[in-house]
Amino acid sequence: SRTHCPLLCRLLFGRLAAWISRPNAMAESSSSAGDGSGAPAPGRHAPITGRKVRVLALHGAPANSNIMRFQTASLRRQLGAEVEWIFPDAQFETTPTEGLQHHSEHSFQMAKSAFEERISQGQPFTSWFRLMDAPVRDGEDNVEDFDPVISDQEMIEASLR
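Take the sequence shown: its letters are residues -27 to -1, 1 to 134, numbered as in mature numbering (1 follows the signal peptide of the UniProt record, and there is no 0).
Keep in mind the hints are simulated off the structure, nothing from the lab.
Think of the CB as a built atom: it goes at the ideal place given N, C-alpha and C, for glycine as much as any other residue.
One or more hints might be untrue.
As the list claims (entries may be wrong) - Distance ranges between label pairs, derived from CB positions: (1) R91 with E66: 17 to 25 Å; (2) P69 with G23: 44 to 52 Å; (3) P69 with T22: 41 to 49 Å.
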């Protein structure tokens, strides 16, 4: 019933770590420079003030932004209106392989359950990469796939995937 969220809590509250407990109780472990100034410890970010924290929520594969919204509903409720959420959809549509019924290394290609179909609200299931016929690329090349998403946004403090 508790969610540990060190990055988001540090950004929102200027603390290294905190627990978000139901119903909104907060037990914290504070981190400061130790000089009595209340400034963040070296290498730590000061809390964001004057605007909302922006969180880029990248869905898994195969999925879509509606599924990610469903998966983050509790966290979004806990963090409240101080956070702006960005839910992009991946660019590669996925299709199930007919007859595949077992969770295995091929679960990426399985038909979606009725529950998954319902929470996707008619949106296609997508992936951030292509599974078949894709050349092997190193990590830096894969970053290009996110360029359209990131270039349309202002600074993003945290990402979820």
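Whether the CB-CB distance between P69 and G23 falls inside 44 to 52 Å | 46 Å, holds
Do R91 and E66 keep their Cβ atoms within the hinted range of 17 to 25 Å?
-> 19 Å, holds
Starting from the range 41 to 49 Å, see whether the pair P69 and T22 falls in it by beta-carbon distance.
-> 47 Å, holds
The structure meets every hint from the earlier list without exception.
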